[in-house]
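Protein chains: 2
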Amino acid sequence: MISGYNFVGFEKKASGEKKLHAFSTVLKNDLPGEFSVATEQEIHEAITKATVAFENYRQTSVAERADFLDAIAEEIMQLGDALIERAHLESGLPEARITGERGRTVGQLKLFASLLRDGSYVEAIIDTALPERKPLPRSDLRRMMLPIGPVAVFAASNFPLAFSTAGGDTASALAAGCPVVVKAHSSHLGTNEMVATAIIRAAQKCNMPDGVFSSLVGEGALLGHQLVKHPQIKAVGFTGSFRGGMALLKAAVNERDEPIPVYAEMSSINPVLVLPGKIKQDIAAVASQLSASITLGVGQFCTNPGLLFVIKDENTGAFVQNLAQALQGVLPATMLNKTICAAYYKERQQLLSQPGVEAVWAGDEGHDDYKGSAVLAQTTAANFIQNSGLQNEVFGPSSLVVLCEDEIELRSALQSLHGQLTGTVLGTADDVKRFQAYIDILVARVGRIIYNGVPTGVEVSHAMMHGGPFPATTFAHFTSVGTEAIKRFLRPVCYQDCPQEFLPDALKDENLLRIMRKLNGEFTKEAVQQMEVVPQ
Amino acid sequence: MISGYNFVGFEKKASGEKKLHAFSTVLKNDLPGEFSVATEQEIHEAITKATVAFENYRQTSVAERADFLDAIAEEIMQLGDALIERAHLESGLPEARITGERGRTVGQLKLFASLLRDGSYVEAIIDTALPERKPLPRSDLRRMMLPIGPVAVFAASNFPLAFSTAGGDTASALAAGCPVVVKAHSSHLGTNEMVATAIIRAAQKCNMPDGVFSSLVGEGALLGHQLVKHPQIKAVGFTGSFRGGMALLKAAVNERDEPIPVYAEMSSINPVLVLPGKIKQDIAAVASQLSASITLGVGQFCTNPGLLFVIKDENTGAFVQNLAQALQGVLPATMLNKTICAAYYKERQQLLSQPGVEAVWAGDEGHDDYKGSAVLAQTTAANFIQNSGLQNEVFGPSSLVVLCEDEIELRSALQSLHGQLTGTVLGTADDVKRFQAYIDILVARVGRIIYNGVPTGVEVSHAMMHGGPFPATTFAHFTSVGTEAIKRFLRPVCYQDCPQEFLPDALKDENLLRIMRKLNGEFTKEAVQQMEVVPQ
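Chains as they are written, first to last, in the working numbering: chain A, 171 to 706; chain B, 171 to 706.
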């Protein structure tokens, strides 16, 4: 069933001699399938096909692309339990989680389809001509967003479905009108092949051009480098390590004639402000809420709460002990792959070995069973402010309590924070009022601020912002989750004095698409009323 | 009257020993004023002040910032004729042009003020909570754009007012809520000082924080490098040479811990598709329209039409001759500065010395009078496709005719085009219909497509796109002219389950600001109706 081919557009290719295997941390052996590493020729062919496909794909209507996305969703569901099982065995994530993630992936595709059918995402802006204006007349100016070209998408280790082959990056790029070349993640090669097959089937059923989607297998850094350097790739979507993201960003600027945007979501430790009133109110509840979030998915979330700011008072000791106990009660669980498991124990060891950092509780190291056990460390705010190494991400079920002597220390600690995907406030109404200025410091450093919830769990919706200041991402202007993610793959074009018949539908006088437009500075869905030229 | 100081926030400083002078290409001597090169200490102070100012400035209301922008406009007008005269002498641009540019600069500030008063620019998006949703409830999610932090703005040589000290970059950054540190252009140091004084006066009158604006003098590349490398600068706005823009982009990625966006508008030769029907219709009119655009402002516009595609037919020879004659009739005029004038003659010589390129007409070289004369060159499409050096910008009144043997050659030539700010179509209705596929190739490579007009002349409005694919800019997603330019300096933040009283006004249930918002996927200015919780 698993062929091990690369998908070079609609063609399956395996001309390379190098093969990869999919190791299961659940079964502790290789799964069926021998995956052919894409040759330079195959990579070039896939990108060339994407470039040719773009000429047609960018001309497809929003309705055609919406149908294509819906068809992908349907084909993914058609893969049935086999997909769930393979993704579970490859990622070590429980089947229930994979099933949920499939729902999210399919829902995401459908949400982008609905965004296209609504059509307003093109941000049409029309300034009508002012032929009588003095000293100079104004031309008719009409602007809308158009797709930028072929996009390279890097599948992420921790979401074999929702951030991978048909994940948010792929869905938003395809929605925008950009062909996609996916770099499969070596941790879930079989899952990639199944999903890629579904996308190709949908593309063929919907008469999309050959090359609108390709999927390539390779050794991580090498294939990534080949993709980002290729002159016909116009943008990169990446979720992964800081090192990986930065390598892509630098290659995109230094190793290409034409720099391209690299949207890399990389490193975040997601600080939580655990305020005194909230702790006092119910120590056990706060501890249990945080423990669940720290260990969710064995801590392998970009939004894992890795940093807890606490102002020392009479309840601090009890809170930290409660949290340690709660973490102790969570059984170690299988991590995504060997490398991530080894890196986790190494990173947590590095954290614990920093001066002034002590382990409140540290679970046993998983040896050859690839299981991650939780760790809770603590340090002082003075220490935290001084040592920026304490802001390195530990990818796994780990969190660091930062004990602040007083509000002044809290302020300094917050001010020293690097950019983050999220910041969380756990506080009573009184807490939130009292600490407003501190929360504000946090807001200036994050992409999303959460009140009395946990950062894990990222809603796919219109208002979501999954991004944030560096090093959380390479570009704080954009989100990789939610409908606004489409903006990464669009650029504005202005039509000046273009005859009506040659304008794109979104910009024609009569608003046939019924989209929201900005007309002479006012938002409206009305048609443009052309002033009649009165003969003199 | 001209002090030669740097403006470090509200303080005037001149502690450096190095001095610069303002040379006038009109008078051919130095103008009054000795300008102190900012010391490293002064640079650091200006940026530190901007960082501190940001804490307050980002909290100002849209009304307060709008008043500030209006006040800057008023203070600039208060400078009166002295500003016009100084800018004329420093730039060599005629007083009438400078007067027009002042109108544009002031109008631009007021347009951003009106954008702020409208308020919808924050792109508020609200997804209300779905507490009953299965399998998981949805949180209340509210997203809006917030300012990113201190911005370094590089004044441009060719627009001493509209793209300089109080130009589009400054206006859009200040509108966004970002403090600005301007690098004065060494070509118009006195103009910079006068306008900086106006901005400081407005800031003080409007009680804006010290540090909201600074202006520094320095030797171009060195000061630029110091600014872009400073850790507290969060973005750069630049209009200038390809070399300058690329140096900033690379420094922003390679020489900082935190990469920042560099919005550089650099190099564009603005191709024009001169279609056969149009030429046949009125050779003289087309030639005269193009000649005027090529020589406007001595060709010193980013949008100067430097490339003319023509399909060879019986009228081609006459068209080229007519254009050469028209150019011959335009008197050489004073260029912006010595360096630009020397570079112009060097670049045009490089163009003319390329194999297969011939001069149709070339005006005399200006020797010590800093005047630029026009040049018209021609080459074949085959030559153009083969030699990408023919796409290098010649900054001045220069244009290259590319003669295409047939439509197939035209297609290839268009496909070989680098990214451009603009593309222009000169064609009859029949031409436009017949060449639609070719125009479409052009659209894919430009930021603005113009029908039967000229690319010079950039309207400051909502629908304007002054930007485009590389090398026209470093980032095709953004414009540097028009209200959308504000987006460069904003980033989204999502508030999850934030209590009403702590939400920014733009996101509160009752839409007090009366802005357009996206509420559960629909655009509306209505308030959010909270569902009443019915007690069970």
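Just so you know, not all the hints are guaranteed correct.
One copy or two, either will do: identical chains are not told apart, so a pair holds if it fits within one copy or between any two.
[Claimed, not checked] Lysine-lysine pairs mimicking DSSO-like chemistry, simulated, CA-CA at most 30 Å apart: (1) 420 <-> 399; (2) 183 <-> 198; (3) 688 <-> 280; (4) 399 <-> 482; (5) 657 <-> 688; (6) 450 <-> 603; (7) 280 <-> 695; (8) 482 <-> 304; (9) 189 <-> 657; (10) 188 <-> 420; (11) 280 <-> 198; (12) 183 <-> 450; (13) 688 <-> 603; (14) 688 <-> 375; (15) 678 <-> 603.
Source of the hints: derived by calculation from the structure; they are not laboratory data.
Hint-by-hint comparison with the structure:
Within a single copy, residue 420 and residue 399 get their C-alpha atoms as close as 10 Å, and across copies as close as 16 Å, so both meet the 30 Å cut-off. In this homomeric assembly, residue 183 and residue 198 come within 30 Å of each other (Cα to Cα) only inside a single copy, at 29 Å, whereas the closest approach across copies is 69 Å. In this homomeric assembly, residue 688 and residue 280 come within 30 Å of each other (Cα to Cα) both inside a single copy, at 26 Å, and across copies, at 19 Å. When the C-alpha separation of residue 399 and residue 482 is checked against a cutoff of 30 Å, the pair qualifies neither within a copy, at 51 Å, nor between copies, at 38 Å.
In this assembly of identical chains, residue 657 and residue 688 lie within 30 Å of each other by CA distance both inside one copy and across copies; the values are 17 Å within and 16 Å between. For the homomeric pair residue 450 and residue 603, the shortest alpha-carbon distance inside one copy (16 Å) is at most 30 Å, but the shortest distance between copies (74 Å) is not. In this assembly of identical chains, residue 280 and residue 695 lie within 30 Å of each other by CA distance both inside one copy and across copies; the values are 24 Å within and 26 Å between. Taking the closest pair of Cα atoms, residue 482 and residue 304 never come within 30 Å of each other, the shortest separation being 67 Å inside a single copy and 39 Å across copies.
In the homo-oligomer, the alpha carbons of residue 189 and residue 657 never lie at most 30 Å apart, since the shortest distance is 36 Å inside one protomer and 46 Å across protomers. Proximity of residue 188 to residue 420 under the C-alpha cut-off of 30 Å is restricted to the intra-copy arrangement: shortest distance 28 Å within a copy versus 36 Å between copies. Taking CA atoms no more than 30 Å apart as the test, residue 280 paired with residue 198 passes in neither setting, with 36 Å inside one copy and 67 Å between copies. In this assembly of identical chains, the alpha carbons of residue 183 and residue 450 never lie at most 30 Å apart, being 62 Å within a copy and 53 Å across copies at closest.
In the homo-oligomer, the alpha carbons of residue 688 and residue 603 lie at most 30 Å apart only across protomers (28 Å), although the nearest pairing inside one protomer, at 38 Å, exceeds that limit. For the identical chains of this complex, residue 688 and residue 375 are neighbours neither inside a copy (36 Å) nor across copies (34 Å), given an alpha-carbon limit of 30 Å. In this homomeric assembly, residue 678 and residue 603 come within 30 Å of each other (Cα to Cα) only across copies, at 17 Å, whereas the closest approach inside a single copy is 50 Å.
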